[in-house]
Structures are given as C-alpha cells and as structure tokens.
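Chemist: Residue strings, one per chain:
Number of protein chains: 2
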Amino acid sequence: MVPHLTTALTGPLLDLEKHILEAMPNIEHWLRTQWQDRTTPFYSSVDLRNSGFKLAPVDTNLFPGGFNNLNPDFLPLCVQAAMTAVEKICPDAQRFLLIPENHTRNMFYLQNVAGIQYILQQAGLTVRIGTLIPEITSPTDIELPDGRSLTLEPIKRVGNRLSLDGFEPCAILLNNDLSAGVPDILKNLEQPVIPPVHAGWATRHKSTHFAAYNYVADEFSKIVKIDPWLINPYFESCGKINFQERKGEDCLANYVDELLQNIGKKYQEYGIKEDPFVIVKADQGTYGMGIMTVKNADEVRSLNRKQRNKMSVVKEGQPVTEVIIQEGVYTFESINEAIAEPVVYMIDHFVVGGFYRVHTSRGKDENLNAPGMHFVPLAFDTTCSLPDRSANPDSAPNRFYTYGVVARLATLAAAIELERTDPLNAEASEESAPE
Amino acid sequence: MVPHLTTALTGPLLDLEKHILEAMPNIEHWLRTQWQDRTTPFYSSVDLRNSGFKLAPVDTNLFPGGFNNLNPDFLPLCVQAAMTAVEKICPDAQRFLLIPENHTRNMFYLQNVAGIQYILQQAGLTVRIGTLIPEITSPTDIELPDGRSLTLEPIKRVGNRLSLDGFEPCAILLNNDLSAGVPDILKNLEQPVIPPVHAGWATRHKSTHFAAYNYVADEFSKIVKIDPWLINPYFESCGKINFQERKGEDCLANYVDELLQNIGKKYQEYGIKEDPFVIVKADQGTYGMGIMTVKNADEVRSLNRKQRNKMSVVKEGQPVTEVIIQEGVYTFESINEAIAEPVVYMIDHFVVGGFYRVHTSRGKDENLNAPGMHFVPLAFDTTCSLPDRSANPDSAPNRFYTYGVVARLATLAAAIELERTDPLNAEASEESAPE
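Line by line, the protein sequences give chains V and H.
The C-terminal residue of the first sequence carries number 1411 in the working numbering, and the numbering is unbroken.
The C-terminal residue of the second sequence carries number 1411 in the working numbering, and the numbering is unbroken.
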C-alpha cells in the first residue's frame, strides 16, 4: 500500500525521479566516496516532504525514535547494517549501554528502544539499558504492548566510566537527544559515546545542519543535473529572538518576507499555483514544539500571547532564543484521504526502512510531528534499495529509491555538520567541506 | 518450508546449536575481530552437511554459481552487502567487468550471472559481461527463461588492461573458477581482479582450504566450548596420484583406513550407529567430478576401469594428480522424503541467503553436486541473521543462524587460505595464522 500524490503538478518530481534513476551509478559512486571521507552517524532518520514538484528533507534526527514502526521484513537489513556500523566505529566492543529518553509511559517510544536493543543483539552485542531518570534506583522491568519487556537500570559513574550493576559497557549508545543539555554524568567519558554528545540538541543547530545540506545538495545537483531547489528548502536563521519580549521580530519578519518572495519566484518558474509558506521553528530542539506555519510576514508581527508562549519553549522547557525560517514544502502524499509523510531510517549510511506518518485531521502545510499528535505509522512495504530502471520513474520501487537517495543526502549533511561542530575537529572539517 | 532431520540421533546437534546460541555475542565479536584482520572473499558459497550429530562444511566455492536460487526477498541484503564489499575492495570503482564460466546453454548458470549483475547494478555499479569463449566475437544476447536477458561480449586486452567495446572497467569480477588454468588474457592485469586469480582451481587446493579450516574450527571451538569434530570433517591428502597407472594407491588406501578408524572412534564416543565413510575427491577442481564414496580401504584398491576413468579427470578435462580424503558427513535432512543439502551464500562476510539442493533419487551418503545432477533448489525462506534465543535451539531461525555461523567459519578459512597462497603474501600470513 503506497500513498499517492494528490497534486496535479507532478512534472518536476517525475523529472527529478527520472534524473536520479538515470544517474544512479554516478550517485552511488559519489556517495561511496563521500562515506569514505566522513564519519557517518551511527543511525539517523530523515523526515521528507513530497509535494509532487519538490522532494526535500525537513528534519534529520540523530537519535531516531521509531524503529518500532519499521517493516519487520527488513530487520535483517538493520542487523547487517548495524554489524557494519559496529565494525567501523568500535569493532572491539561487545557490550553496549543504551541510554534512552526519560520516558516510562510512552509505550511507542519504549518499543523503539526495545527495537534498537533487539537489532544490536542480533548483530552480536550484549545490550543493556541505563536510564537517566533519577527516580529509578534499581532495575525496573516494563512490559511492552507487543509482549516483549524492557529493563531500565540506574547508571553508575566511577571515575570517567559508566556502568550498570555487573555490567561494564565498551561503548555508550545514546537514544536521548540531550534537549535539556549534556548531563554531568555523560561529560568527559572514557568510553566512546555514540553519537557524540555534540550531536545532542544542547549544541546542535538546525541552521548548521541545513548549511551543510546546502553544500551537499549543490554537489549532488551537479552530478544529477537538476535545480538544487527541487531537493532543498530555502532557509534563513535569526539569533537573539525572544518571543515573550518581542525581540528579534524584525529579523524574523524580514526573512519571512524574503523567503516567501524567493519561493514565489520558484513557484512561478515551475508554474506552481499554491501559496508559498514558511515554517518558523526553534533552531535547537525537536518534537515539533516551538513551530509555526506562516504565509505572510505580518503574521509573525501580530502574535497573540498563546502563540508567543507556544513558540517560546521546546522540549524539556528549554527557551527558544534562535529560530530557523525554512521554506515550507507541501505534503501532497495521501492515503485514504489522510496526509502521509515519509520518514526514512538509516543505520550507518544504509537505508534500512522507513514509514509514513499518516494523519487524518491535519492540513497539507502543517507539521505532523507535534506533541500529542497521534499519527498512524505505515511501514514502507518496499525496500529503498531495488530501483527498477525498466519501470516508470514514479513506480513504488523507484519512488522509494529516490526517498532513500534524498535521505542519504541529509545524513551526509549530518556527517559534515558533526565534523564542523566537533569541538576537537572544527577547523579541519571546514577546509574539507566548504559551504 | 524447512527440511527436517530424519535421524533419531540429534542430541549432539541440538547441543551444538545450544552452545552456538548461548555464545552468540562471543561468536559475533570473535568473527568481527577476524574480519578486521583479513581480506574477506568478495563472495562465496559453502556446502554444508547436516547429519543431526554433526554439521560441517564440505566445500567452499569462491565463484558461487547459484545466486538465481536465493530467495528474492533477501535481495536487499545482497545489495547492501555488495555495497560494503565494493567500499572495502575498490571504493573508486564504477564499472565492473564480470567474467563468467564459458557456458552459453546452461540457463540455470546464466540466470546466476544475471543475478550477480543485477545485485551489483543495484549497488550502483555499471556491470557488463565479458566472455572468454573464443567463438563469441561480437556482443551476443541470450534470452533467459525468467524473461531477462544477458549480453556476452568479447574481451579485448590492450597492454595490461581489459576492456569491452566502449567500456573501460575499473575492476574485473571473476565468476569463472579457472579450472583450465589462468588464461593468458587474465595474467598480470593492472585492474584489480576479484577474487584474485590464485583463488581459481588452477592453484587452489581443497587440502589447503581445510588446513585453514582446521585452524578456524579449533579457535572457534575454544570459544563455544565444543568438540571441534562436531563442525569439522577429518581429512588427509595424497599427492602423486595416478588412477590410470594405479600410482599412489597405497597412500590412498592407508589414509582411507586411518580416517575410517578415527571416524569410527568418534562414532563410538557419541553412540552413532551409522557406518563411517569417506569421500575421495580431486584436491583441485569442482563440479563433483572425480569423486567417490568409500566405506572400506579395499574399495580404492580394486577400482575397475570405469571408476578409474571417472576419478582421473575433473572439469575441463584436467587430470587428477592429488586427492583429498575427507570424512563423509551423512545428510540427514530431508523434505518430502528427498535428501536436502544446504548451501549458504555470502557476500563479503555477510550471509545473504541460501538454498537447499533437494534430490529425490540419491542416497544420504552421496554427493548431490554432480554433473547431470538435477537438484531442485529450495530457497531458504528464513534469514540466517535473526536467531531467537527464546525458542528451541533447533527452531528454524536458530538452525539457520547456526548454518550461517558454520558457513562464515568456512569463508574465514578461505580468507586465511587465500592469504597463505597469495604469491605476494605467503610468509606474512603464515605468521598470523599458525596451523
């Protein structure tokens, strides 16, 4: 079951898919050389938007939380990719300590944690789960709705090493995006921390990610001979924002205006009849908090108190002081009249599956990954690695291949981003990846 | 559909499977360190024999010819593994020249060639097929029964590089086991040849492979705490054999006797009621030619003319001058009362699938991979990478995991074997892998 595009204007996307299919050997070769030069994130998920005329990543998650939503048929792919990732990052490791988010009641999320544990166990690792929740002072079993169970254990720190009772891990795998900052217990560890702590939202900026993505999209577009705009949303960022005190409003309004104009020009060039819109969101943080859809600069000047409050904080109550203004990409995929947004999952640089967030009560220009938002996950039932060059560019295997390609570009951008922001490595990486 | 074991005596195998499941993290860790130190064959297939009391590899093929028999559901695994293999061996390669066996009418084999081409194309390579058949002087299309087609093209050599008309390959992938020797056109090439020509049967000896396997099986057995005999068939080898002139008969008969006695002791130790038997086969070459089943040393002294003729030559009419005498391992797997023998397929060190050779008219102590032998392939419908530690050690996912482990041991032995026999590298490898 594959969602279909509900827009009449699919010419540019068909053209994009055709170009990508034709350039496949060049794309794979180029990606191969890129992965050789980079440290690929251990795992990642990429939210895509497909408007029929444009296919672009809008968010790259380095602590993916939906492994439970993947098609179980593709678990062997996950296991094989995890084997490769472990071989590259820590071949000597036998025992992983997995540190998840501080959720104890979100069964969807906890099934994701169990899913990660399962994949790593099948790759031959011993994996136990340590929690940062201070109230958990002894091993705590949680029964999951799928019949499995999970044990959260309190973490001990001795010197610069973490352990659990009777368990000395070789490496720490984070599935916690550090929105509340890097807790002291994770600072200056001897054990490798995967992903590194600077991949957490305490340091990470969406604007840094999309700056790296600009570079990747431009390079890629030269190879495939396309307009990079087809895969890349415009963006700008404003620092020193305070929604409560109405500071930085001008910066925001001006950029909103500028982006809407630039998008408008592109829409005209491609004969797109829709209204341009932008998404204003916190430059750091996740979970769809601190996010709004804007079609006119006046909207950001006349925010009411409720809107200001909503924009002022993200997850863990962190204040929003910087925002990214990103071109909105319409979601024109739907299934049974519900909006469907693809999320692609990767382990190392391998696409291992994905799913659609399917939502019946939201609009095509809204964000589906919002708090309290109950999407229905629809696992990809087609792999992203078997394009069919004899079929229509828009057939399921080819559409999914294209999703996998664009998602890999976003993960490549994340690799570059993490190099650039690595406290140990900032200068060297700027040379190797000019913007 | 999984074949079942038809022997009452499955205690030792259950025990083996149990040990392997329990030691899984240690096994995977140990294998990971082994692959780090070795150059893994690009691809391989391993013939296993499962007697219920013993599970052992009896042949490791470095030019696997049955990719067409794999479960298509696992193609994404093949593609992902091929990506990894290419990244390791020749990341810069974009174009592969695939050189198959000189068959033009064996549609099963040609579908295998098309299968390899497809997998590599999906991994992002441009692959064309060059043939060593002198009669093919222009591109020749062959229609395959599955609707696909294949183009065989004549190979040109200019200086030390191979090419096809309008195609300059970066690397040469052999699916030709070089039974007739290394043709001049393949000697001293600038382009990487994968696998290296010394992996061909012109230089390869089964006895060298199984000497390396002795080492691997012993090391592995220490980790899993099992008797290495459970996964390792005894063997000996005789050089200077001439069946026509009845030379070397004593060596052969003595070893047959010795092996039968040693096997008999093991059978006694494990309470096995079957008759011990050995397989005498050419130390070089393949395709089940030059092979016989022996239960008594007298049998090799009283060969009739027909038997002598049969033992004297292997594929491509190569004379047999050396033989390996290998402990026979009963095949006690069957499906619908037909004998079923598993073959496990690997790309790089990843198990990507396998199939059973199912044969209705042969005995449990005979070789199913013989010329003119029409087995029915039954693809594994279970992956080898998702063992279920909560299930019976003998359940399908666990049995297939065990198959995958033993097959990987054989491929590891092949890696060591190729290091030892590498003309450039013989000394160094002997140090790193003592027998």
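Honestly, I wouldn't trust all of these hints.
As the list makes no split between identical chains, a pair holds if one copy fits it or if it spans any two.
Said to hold, decoys possible - Derived SDA-like pairs: lysine to any residue, alpha-carbon spacing no greater than 25 Å straight-line: (1) Lys1242 to Tyr1094; (2) Lys1286 to Asp1274; (3) Lys1223 to Thr1179; (4) Lys1064 to Pro1168; (5) Lys1242 to Pro1130; (6) Lys1241 to Leu1120; (7) Lys1064 to His1174; (8) Lys1064 to Asn1285; (9) Lys1249 to Gln1012; (10) Lys1132 to Ala1229; (11) Lys1163 to Thr1015; (12) Lys994 to Ser1125; (13) Lys1249 to Gln1010; (14) Lys1201 to Pro1172; (15) Lys1163 to Ser1139; (16) Lys1064 to Asp1013; (17) Lys994 to Arg1124; (18) Lys1242 to Met1083; (19) Lys1286 to Asp1370; (20) Lys1198 to Cys1146; (21) Lys1198 to His1174; (22) Lys994 to His1174; (23) Lys1198 to Asp1233; (24) Lys1242 to Val1334; (25) Lys1242 to Asp1370; (26) Lys1163 to Pro1115; (27) Lys1242 to Lys1282; (28) Lys994 to Asp1226.
Keep in mind the hints are simulated off the structure, nothing from the lab.
Chemist: Given a CA cutoff of 25 Å, do Lys994 and His1174 count as a within-copy pair, a between-copy pair, both, or neither?
Modeler: neither (38 Å within a copy, 42 Å between copies)
Chemist: Please work out whether the CA atoms of Lys1242 and Pro1130 approach to 25 Å or closer within one copy, between two copies, in both situations, or in neither?
Modeler: neither (53 Å within a copy, 50 Å between copies)
Chemist: How would you classify Lys1242 and Asp1370 at a CA-CA limit of 25 Å: within, between, both, or neither?
Modeler: within (23 Å within a copy, 61 Å between copies)
Chemist: If the cutoff is 25 Å on CA atoms, where do Lys1198 and Asp1233 land: within, between, both or neither? Let me know, please.
Modeler: For Lys1198 and Asp1233, neither the intra-copy (29 Å) nor the inter-copy (70 Å) Cα distance is at most 25 Å.
Chemist: At most 25 Å between alpha carbons: which applies to Lys1163 and Ser1139, within, between, both or neither?
Modeler: within (14 Å within a copy, 56 Å between copies)
Chemist: Checking Lys1064 and Pro1168: alpha-carbon separation at most 25 Å within a copy, between copies, both or neither?
Modeler: both (13 Å within a copy, 24 Å between copies)
Chemist: Give the relationship of Lys1241 and Leu1120 under a CA distance limit of 25 Å: within one copy only, between copies only, both, or neither.
Modeler: Result: close neither inside a copy nor across copies, 50 Å intra and 51 Å inter.
Chemist: Can you tell me if Lys1163 and Pro1115 fall within 25 Å by alpha carbon in one copy, between copies, both or neither?
Modeler: Intra 23 Å, inter 63 Å, cutoff 25 Å: intra-copy only.
Chemist: As a check of your reading, is Lys1286 near Asp1274 (CA-CA no more than 25 Å) within one copy, between copies, both or neither?
Modeler: Close inside one copy (18 Å), not across copies (91 Å); limit 25 Å.
Chemist: Since the copies are identical, ignore which copy is meant and state whether Lys1249 and Gln1012 lie within 25 Å (CA to CA) inside a copy, between copies, both or neither.
Modeler: Neither way: Lys1249 and Gln1012 sit 42 Å apart in one copy and 56 Å across, limit 25 Å.
Chemist: Could you place Lys1242 and Val1334 in one of the four classes (within, between, both, neither) given a Cα distance threshold of 25 Å?
Modeler: neither (28 Å within a copy, 61 Å between copies)
Chemist: As a check of your reading, is Lys1064 near Asn1285 (CA-CA no more than 25 Å) within one copy, between copies, both or neither?
Modeler: Answer is neither: 44 Å inside a copy and 52 Å across each miss the 25 Å cutoff.
In summary, the structure is inconsistent with hints 1, 5, 6, 8, 9, 10, 13, 14, 18, 19, 21, 22, 23, 24, 27 and 28 from the numbered list given earlier, while agreeing with the others.
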